[in-house]
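Protein chains: 2
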Amino acid sequence: MEIKRVNEQIAKVRLHGPGPSDVPASVLDALSARTIGHLDPDFLRVMDQTQEMLRAVFQTKNRMTIPVSGTGSSGMEALVANLVEPGDRVAVVRNGVFGGRIADEIARFGGEVLEISLEWGTTVEPEQVKKALSSKKCQALFLVHAETSTGAHQQHMKEIADIVHEHGAIFLVDCVTSLGGAEVKVDEWGIDAAYSGTQKCLSVPPGLAPITLNERAMEKLRKRETPVQSWYFDLTMIEQYWTEGVSRKYHHTAPVNMIFALHEGLRLILEEGLEAVFERHRKNAAALQAGLESLGLRYVVEKPEHRLPMLHAVFLPEGHEEGKLRKRLRTEFKVEVGGGLGEFAGKAWRVGLMGHSSREEKVQALLRDIQSVLCVRPVGPV
Amino acid sequence: MEIKRVNEQIAKVRLHGPGPSDVPASVLDALSARTIGHLDPDFLRVMDQTQEMLRAVFQTKNRMTIPVSGTGSSGMEALVANLVEPGDRVAVVRNGVFGGRIADEIARFGGEVLEISLEWGTTVEPEQVKKALSSKKCQALFLVHAETSTGAHQQHMKEIADIVHEHGAIFLVDCVTSLGGAEVKVDEWGIDAAYSGTQKCLSVPPGLAPITLNERAMEKLRKRETPVQSWYFDLTMIEQYWTEGVSRKYHHTAPVNMIFALHEGLRLILEEGLEAVFERHRKNAAALQAGLESLGLRYVVEKPEHRLPMLHAVFLPEGHEEGKLRKRLRTEFKVEVGGGLGEFAGKAWRVGLMGHSSREEKVQALLRDIQSVLCVRPVGPV
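Chain order of the listed sequences is A and B.
Take -7 as the starting number for the first sequence in the numbering used here and just add one per residue.
Take -7 as the starting number for the second sequence in the numbering used here and just add one per residue.
Treat the hints as calculated values from the structure; they're not laboratory data.
Don't take each hint at face value.
Identical chains share a label here; the pair holds if one copy fits it or two copies do between them.
The calculated lysine to aspartate or glutamate pairs, modelled on EDC-like cross-linking and capped at a C-alpha distance of 16 Å, are [claimed, not checked]: (1) K177 to D154; (2) K4 to D34; (3) K(-4) to E264; (4) K122 to E104; (5) K123 to E151; (6) K(-4) to D34; (7) K326 to D32; (8) K326 to D34; (9) K275 to E353.
Treat the numbers as computed from the prediction; the structure is a model and nothing was measured.
Please model the entire structure based on the sequences and the hints provided.
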């Protein structure tokens, strides 16, 4: 069997898809630090620091703030497995692929879904949430803060949280794509539980799902009548391993090196400063948007104020085959952009400026490459 | 917030516990290779090669042979979630911690457990399996091939598989600790589904769970009457992403860099040759055993032929506090050994010679360090 080493067989690709994003060298350094035991005192300190930094990025004081040992989707499953009991009804805002995915999750765990179905590319208004929650008693409302399939940026988070709480439900949020690239104010907004992924704006390879649960969510978990329908994601056990100061109870062997990488990714973000990071994402997004529109690409999300800074879903100009052009970008220019998902498969691109991929010089290079494969001249300056 | 980089705050520890084991430099190199997209053609090739090498190490032709995107325990959950339907009865050999864990898993997924309870440190005899399966109709039998909590090495695998099949059940095996360090002949023995972990004899950091399912297991999965009770671990969807040649259907973002590391770990094992790797584990185990016994440590597993080569569970001589000595080993000698689990907590050590940690010079250094903390002279030569 003749198989080359990985390092000899992968191209240098600039990552401008919907994740993974470019990973800084120091994060890769941390990833490949010497492996130590999952109960080693040095590792326990790294865990504590990782939790502390995760809380800073989630803008929360929640004790239960940890990385789940799986990729972003495992964070979704962890939330549903722990917080949705058989028989619970959950209102789900469905305005893209990920609202559909959680509806599937909820059904598998015995919950009932009350769908708030919207046109893809739009976001939900507080009035729509109020109407849905008034129509039927729900135990939770779920929405996606940054919908990766459409590029839509949910607004009115605090207002929606208030409505959810007035109706005696908990507020569950997917911030896989937004965390570390735009404001996610867990405590101020009143989010009860949220999950994210490492491979988007945290600029860490895929493999961990940061989650955070406040006391209201933890109370719902503790008051369950049935056991959590997952051993691997059972937070009542996992919290005993991740709690500082008490005796650490082994649950499963933590993904040590991935946690090293997350530690460094978070450290870099906090070193730059959350506000500066968000401003960088906004600034580069504006430049990309001006460039893409001048090349004739049309945003899926119509209202500019509802567009995400880190993920740009755009329709190609008439007459272009997206798959073919995307392949050329990868092959000739060594750039990855994402194809459309769900309703937009074959029609749209998803262009990411996430975390370390959101750099001024990278935006300019990306626009030049896109212009080359489209063979068009920009309308106005790029 | 003043937090140092990970690389500046972790000690160089030699890993001789129950996993993680020492990771070779080239595996850490692969781990920190430049991140690429989970649908990138270069990554798809790496996936194919990883599957090919995993099959070689599992000694199987099973098409469905993949790394699950979670740590070893997620492999257990994946098997149970997919192969145990509500109402199924599963006979579980319980001779240590991990038989207990899977009983918990099975109950959570709606299955019924028929326990074959044994004294810890012993292994099951084919006759006992026959008796249990004859007593009540079971859909599956589960056993642990290498019980990490006791160091017991299950024998008679083929004979047991035959009995299981005669009773119309499927044979599920935990080979977390054995894979890559001792024979695991999935096809020859007749194992229908098995899972492992990366951080033991594969010498890759924790974070992935290699699994393999044969056609009998896949048929049970396809004939389920109820959907798989997990979205994240649903193999009917995951197989569409992991199947070579067909259009790869995105399920979740694969843990790209961890798969790079697994690729290199497997490559190293196959480069050395499976038989040579097993022989190295056996030889070093014999040396360690002679040394430990000469220092007055007594094996949990009485019969030498039932002891694992990669994990040595031993009782300390009278009058020694295991926790205190283990701490001294870590602090003064920078060596990690594991404490006892379950029944053996506070009484035994678990000493690992797994994968890259099973090297002649490492065994000698380890024995010297253990001798130092025990402050005893060996009975006979070490």
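For each hint, the structure was consulted:
1. K177 to D154: within (14 Å within a copy, 58 Å between copies)
2. K4 to D34: between (34 Å within a copy, 10 Å between copies)
3. K(-4) to E264: between (38 Å within a copy, 15 Å between copies)
4. K122 to E104: For K122 and E104, neither the intra-copy (18 Å) nor the inter-copy (43 Å) Cα distance is at most 16 Å.
5. K123 to E151: Cα proximity of K123 and E151: one copy only (14 Å, versus 63 Å across).
6. K(-4) to D34: between (34 Å within a copy, 12 Å between copies)
7. K326 to D32: between (41 Å within a copy, 11 Å between copies)
8. K326 to D34: between (39 Å within a copy, 12 Å between copies)
9. K275 to E353: within (12 Å within a copy, 56 Å between copies)
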